[in-house]
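Peer 1: Chain by chain, the residues run as shown.
Number of protein chains: 2
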Amino acid sequence: MPKVVDSAQRRAELTEVTASEIARVGLDGITLRDIARAGGWTTGIVNHYFTDKRDLLLATFRSRADAARQAVERRLAEGATPLEAIIESALPLDEEGTLNWRVWLAFWGAAVGDDELTDAQQARHHTFHASISAALRAEQAAGRLLADLDAEHEARRLVAVLDGIAVQAVFDPEHWPPATQRRIVGEHLATLTTPEGS
Amino acid sequence: MPKVVDSAQRRAELTEVTASEIARVGLDGITLRDIARAGGWTTGIVNHYFTDKRDLLLATFRSRADAARQAVERRLAEGATPLEAIIESALPLDEEGTLNWRVWLAFWGAAVGDDELTDAQQARHHTFHASISAALRAEQAAGRLLADLDAEHEARRLVAVLDGIAVQAVFDPEHWPPATQRRIVGEHLATLTTPEGS
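Chains as they are written, first to last, in our numbering: chain A, 1 to 198; chain B, 1 to 198.
These are calculated hints, taken from the structure and not from any lab test. Don't be surprised by glycine CBs; every beta carbon is placed ideally from N, CA and C. One should not assume that every hint holds.
Claimed, not checked - Footprint (simulated), chain B over chain A, 3 or more residues, beta carbon under 8 Å: (1) 20-30; (2) 109-115.
What the hints assert, rightly or not - If the Cβ cut is set under 7 Å, some of the chain B residues that face chain A in the computed set are: (3) Leu-105; (4) Ala-110; (5) Ile-165.
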């Protein structure tokens with residue numbers, strides 16, 4: 001009986017291999033043939049699922065965003081607060097976070113001068129901003145963050161802090177180990193904390 | 001009498017044109033032929049100065065870092081404090097800052113999986129960190145920032161905040177106009193300010 005491969009499953013495998021290849025050799029050096037070889041497929045299979053390298057890149061970008069969302073869910077299930085879960089999943093603190101960030105940086109580079117990729121990047125940031133706003137409002141409701149903060153605006157600030165930390169950490173991991181990344185987020189949040197909560 | 005073109009001047013013109021082309025169409029779409037055409041040169045002239053596209057990219061990255069440093073000098077001459085001059089020159093607040101940032105983002109993308117470009121990026125960030133540390137110490141000496149702050153560490157935080165803001169602003173200028181960028185830096189600095197200085 002021939003092995004039936006689910007289409008969504010195959011696409012997920014392809015973007016998984018592509019993410020690893022981007023993280024390893026960068027976007028410029030990658031070909032569809034390399035992706036096929038790395039995954040043990042024919043180039044024809046890759047071409048069946050994606051029209052070109054750019055299409056595969058876009059799918060890989062989205063799949064890493066999905067992976068980051070799943071990491072948030074996993075941490076929530078383990079008892080983290082929404083804010084903790086988002087922060088821990090948004091930084092390059094472990095292998096998965098570093099992989100996500102290497103893909104995102106490669107994608108940002110490709111998005112310069114490319115309207116469609118810029119739109120995808122904007123959409124991801126708007127979703128990220130919305131989930132951080134909600135998490136900050138939950139912290140306010142729990143009395144851990146100052147009630148009079150504008151959660152929308154504070155989410156904007158926190159997105160910038162997280163992205164800025166992540167960029168440093170990816171390119172200079174020696175000076176930005178996980179402890180430093182967490183410390184700097186903590187210092188930022190401490191300025192938003194109620195006296196009782198601190 | 002034939003026109004004598006100074007070699008450093010020609011290199012500067014080439015990197016200037018390359019920066020504009022990267023900002024406009026991104027790194028992926030650029031060829032040495034396009035650069036030559038955009039500047040009114042032969043491809044042979046471009047090849048005379050740069051061995052390949054990657055070499056030209058590295059030179060363009062460095063020339064934008066020089067441009068940012070010159071912008072700092074200009075603002076100092078106009079009476080800005082070192083900290084003000086650095087912040088205003090480090091964000092995409094005007095056409096030049098936006099050009100710098102589009103080149104840097106394209107460069108970051110290319111630096112993923114590339115040791116030499118990653119080293120260049122690290123070197124730029126270390127220089128940037130050192131100049132921010134010095135500016136923060138000057139603010140402390142002037143009594144405008146808390147004296148017991150660790151300037152090295154605060155420089156790290158500020159680099160992250162500036163980079164994070166810049167990334168948002170380049171990809172989503174509508175939600176990150178100059179006033180929002182400046183407001184967020186100001187809110188960050190306010191948490192480091194002496195009560196008398198605020």
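Peer 1: Each of the hints needs a verdict: does it hold here or not?
Peer 2: Here's how the hints hold up against the structure:
1. 20-30: holds (count 8)
2. 109-115: holds (count 6)
3. Leu-105: holds (5 Å)
4. Ala-110: holds (6 Å)
5. Ile-165: holds (5 Å)
This entry satisfies every hint, going by the numbered hints stated previously.
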